[in-house]
Amino acid sequence: MSEAGVVVLAKPVSGHPLLVPAAVESARKWRFKPRTAPFKTILEVSFLLGGAPSQIADEGKASTATNPTAAAEAEQAVALAHQGKYELAVPHYRAAIALDPNLPGLDLNLGLAYFKLNRLAEAATAFKRATKADPSGFQPRVLLGMSYYGMRRFEDAAANLKLAAAQQPDNIELRFKLAQSYLWSKQYPAAMAEFRFLLTKNPDSAPVHMLLGEVLDADNKEDQATAEFEAAVKAGPREPEAHFGLGYLYWKQKRYDEALREFQAELANQPQHARALVYLGDAEMHAGADKAAADHLRQALKLDPKLRLAHLDLGIVLAAASDAAGAESHFREAIRLDPALPDAHYRLGRLWSSLGRDQDAQAEFAKVKELGAERPPAPLLTVKP
Amino acid sequence: MKYALAAVALAGALWAVVSSQAPIHFAYRPIDFRLDSSETPQRHAPETMAGGVAVFDYNNDGYLDIFFTNGADIRTLKKTSPKYADRLFENDGHGNFKDVTARAGLAGTGFDNGVAIGDYDNDGYKDIFVAGVHGNHLYHNNGNGTFTDVTHQAGLDKPDPQYGPLWSVGGAWVDVNNDGLLDLFVVNYLAWDVNTEPACEASPGVLDYCHPKFYKPTPNQLFLNNGDGTFRDVSTESGIRAHPGKGMGAGVADYDLDGWMDIFVTNDKLHNSLFHNKGGGKFEEVAFETGVALAESGQFISGMGVDFRDIDNDGYPDIFFVALENETFPLFRNLGKGGFADITQSSGMTRLSTPMAGYSPTIADFDNDGWKDLFVTRGHVQSLGYASHVAIEQPNTVFRNLGGAKFQALTGEAGLTAQPPVRHRGSAVGDLNGDGRLDVVVTALAVPAELWINDSPAGNHWIEFQLQGTKSNRDGIGARIKLVAGGAAQYNQVSFAAGYASSSAGPSHFGLGQNRSADLVEIRWPSGITQQLKDVAADRVVKVIEPAK
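Line by line, the protein sequences give chains A and B. Counting with our numbering, you get residues 247 to 631 for the letters of the first sequence. Counting with our numbering, you get residues 43 to 591 for the letters of the second sequence.
So that you can see chain A by itself, here it is in the shape it has in the complex (with noise of 0.2 Å):
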């Protein structure tokens, strides 16, 4: 502050990301008690009253409230948030509410108490009341579209992001959740778009890079998402699931050796990673490295049994060395964790028919007729081996 008391300088300390512009900005506007000399202090900014934020604590302006005994449960209930107490605060704002429903701001603090307490539905329904009082309002607008986002509504999130960013373009926070919301939600050339302009701004950041690779893959755009993955391992060698992800690409597109590679560098990050040892080994069974391949898909079963890919890998690779007990069984426990994939069936329909159970045989192979349908491999998005 200078001596006049006018700010001079303000910097966030804490606080939400999403709000941290909108504090600062009016941070800037405030005037205070004029001082012999410049200072610094730290000030509080809560989203109280008005719509606006301001500036409560010690130097704490006034309320507009008119129904003195309103005001007094806002009082309360903002003394209490501030001590982080919000599961006391909400019945005060409730109350304050109730007394008044025309008190400025206290549908957004409300909201905040639950957003707190991650009652995300609660939550978004105070902040879209307070969107309905305030339509261009930037905080109850990117609260909403972050209580949507925490409830994985990502086509509600993205919808209020959206008006949230038009507000502010720069906030560079809110655009990468845009961005992810319009990417969950299926938006695919929005969320393109949205990533594409984060890496004007940061060119060098893996996990755009790599959520950008999950649009392209999920829009059947397959050398474009790859190209996304390689720039992500290049920008973040250590970054995790980068490299997982560049090898499931490289594997959906049959580039083995390549994936491979990846796999083994994403288990060198991450030696517990159960998908990278299932693909890992199923690179390695379509390399013939059967031996190799069954330790890894061994490994990947201990880490989680539920592995559909693992069993039905580990099934061929033993059928393959006469082990028919062994591959029987993981055939089998591949078609019980999902009896409408064709893959399975057919493998052990062969494999009865390798060891002259022709009756067994024809009965998977009718299954296998029966399911038909083609199952494309997933994109990186929901990949589950």
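Since the hints were made in silico from the structure, they are not lab data. Watch out, some of these pointers could steer you wrong.
PhoX-like cross-link-like pairs, simulated, lysine-lysine; straight-line CA separation at most 25 Å [to be verified]:
#  : chain 1 : residue 1 : chain 2 : residue 2
1  : B       : Lys-258   : A       : Lys-613
2  : B       : Lys-524   : B       : Lys-448
3  : B       : Lys-200   : B       : Lys-258
4  : B       : Lys-576   : B       : Lys-524
5  : A       : Lys-378   : A       : Lys-362
6  : A       : Lys-480   : A       : Lys-467
7  : B       : Lys-320   : B       : Lys-513
8  : B       : Lys-576   : A       : Lys-615
9  : A       : Lys-615   : B       : Lys-320
10 : B       : Lys-200   : B       : Lys-379
11 : A       : Lys-374   : A       : Lys-408
12 : A       : Lys-615   : B       : Lys-513
13 : B       : Lys-448   : A       : Lys-537
14 : A       : Lys-615   : A       : Lys-548
15 : B       : Lys-255   : A       : Lys-613
16 : B       : Lys-320   : B       : Lys-379
17 : A       : Lys-615   : B       : Lys-258
18 : B       : Lys-448   : B       : Lys-379
19 : A       : Lys-467   : A       : Lys-432
20 : B       : Lys-524   : B       : Lys-513
21 : A       : Lys-467   : B       : Lys-255
22 : B       : Lys-258   : B       : Lys-320
23 : A       : Lys-537   : A       : Lys-552
24 : B       : Lys-324   : B       : Lys-379
Derived coverage of chain A by chain B (criterion: at least 3 residues anywhere in the stretch with Cβ under 8 Å from a Cβ of chain B; other residues may be distant) [claimed, not checked]:
#  : stretch
25 : 565 to 571
26 : 588 to 601
Every residue gets a Cβ at the ideal spot worked out from N, C-alpha and C, and that includes glycine.
With chain A's structure known, arrange chain B on it following the hints.
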């Protein structure tokens, strides 16, 4: 190129052969045929499936001629304009192809899809079966440059009592009961009607060709040759009809060497069928038991055209068929014990073919090194409007056999990017210019057909056998030829059915590498008669007549 001439060193000069560094190389030559499948914004399925072609010598002058099938108005299935005419081009042996369609009487009347060549009446002149959408045609070769449509007399014009008119994509001539007469196997695709076809949107308001799952399967057909110009539908009693599918290609070979010709059928997004001939034309379907029903992934893929020949020189016919991108071009190695092993991955084909969409595969020795290579016409089934999602227009590729069933893909290196990528469809193989190197004719949707003249580096020797059956069928289809040169054996079984909807009916071709002669040629005719030739000089076409015993 006259058969039985000692050497065939003619005509090459006019073909401006240019040798190159790549072990297999082709030079493009145009031919005046443009496939018109009547493409409409409604995207009716047959529009994207046309394009069968045949290479055969229609007038016995020793030069291979070319027959193209063509589309029709999609709503009426009638050739309402000359642009839809099927076309016959006569090879003058000097690199010139003359359109003789009108004289031959082969312009056709309906939406034609595939072609199968075979001398069904053993008169020494090859006849033409044309497979079409809701109507097939059999053209008898009169031996004077003209053909007569004998479909009705032959009994091949009856709609199916259960399914109605069928959409036939191709056929194969094969003597299923070894009576010396070629029988006719017809590959049928799916149940289609222009008036009830579903509309499938690629994006809002934009239609594209529908997935095969939206159509019902139909049965293939087998017609037994009565020997009097008529045929009997034995689809049911032979066991064929019990296995309806969505057939796209048929390869014929005696895979278990039991003396009876078997039939492999690729199906679109459905398991394949392998009809094992139990003898006398009775079949059992054994695709699952023999390991050829599904690709390695265990998934149903878009089976397209197929060829069924020995690739690894062990005497047992192997199976190679193609599919769309991410589905690979599966290669099944015949293990010789009645079963097959999927060697798509170990042969290198998985890695090479995964990004490709193929239509017509043919197995032939394009560099005359004694190992059969694979030529694949490429292009996607979807319309050009879908190009933002997948590569619709693609170049052709030849996969060079490096020996032992390992392959190397040659596209630009083989000269096959000399033309822009398009939607290639059918293909037929034969030595069109008599230089001892196998050329390829390729069709493509809505653009001129392509002649790919083989100008691979000369130096390797070759030999071709023009078989003439006496007790066996005149074309020698089903004859097993074993050739030994330089201590190495190679094999071929005579079959004209190869690729997608197409027919390659030239002599049987063998590359001899540096060997100037074949030490031994052994032919086992379908009649059971075995014939041996010794010390046969290379670089010529040898006419072989089946002996009486």
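Original post:
Is B:Lys-258 close enough to A:Lys-613, meaning Cα to Cα at most 25 Å?
Top reply: holds (19 Å)
Original post:
When you check the alpha-carbon spacing of A:Lys-467 and B:Lys-255, does it fall within 25 Å?
Top reply: holds (24 Å)
**OP:** Please work out if B:Lys-258 and B:Lys-320 have their alpha carbons no farther apart than 25 Å.
**Re:** Between B:Lys-258 and B:Lys-320 the Cα gap is close to 29 Å, so the pair fails against 25 Å, i.e. violated.
Subject >> Restraint status (C-alpha distance of B:Lys-324 to B:Lys-379 at most 25 Å) >> reply: holds (20 Å)
Subject >> 25 Å limit on alpha-carbon distance, applied to hinted pair A:Lys-378 and A:Lys-362 >> reply: Holds. A:Lys-378 to A:Lys-362 sits at ~21 Å (cutoff 25 Å).
Original post:
Does A:Lys-537 lie within 25 Å of B:Lys-448 when you go C-alpha to C-alpha?
Top reply: Holds, because 23 Å separates the two Cα atoms, which is no more than 25 Å.
Subject >> Distance restraint between B:Lys-320 and B:Lys-513, which requires alpha-carbon spacing of 25 Å or less >> reply: holds (21 Å)
Subject >> Pairwise hint evaluation, B:Lys-379 against B:Lys-320, where the allowed Cα distance is 25 Å at most >> reply: OK: B:Lys-320 and B:Lys-379 at ~15 Å, within 25 Å.
Original post:
Does the structure keep A:Lys-615 and B:Lys-513 at a Cα separation of 25 Å or less?
Top reply: It is violated: about 41 Å lies between the C-alpha atoms, which goes past 25 Å.
**OP:** Take the C-alpha atoms of B:Lys-524 and B:Lys-448, compute the straight-line distance between them, and say whether it is at most 25 Å.
**Re:** holds (22 Å)
Original post:
Holds or violated: B:Lys-576 with A:Lys-615, Cα cutoff 25 Å?
Top reply: violated (50 Å)
Original post:
Are B:Lys-576 and B:Lys-524 close enough, with their CA atoms no more than 25 Å apart?
Top reply: holds (12 Å)
When the structure is compared with the earlier hints, violations turn up for hints 8, 10, 12, 14, 22, 25 and for no others.
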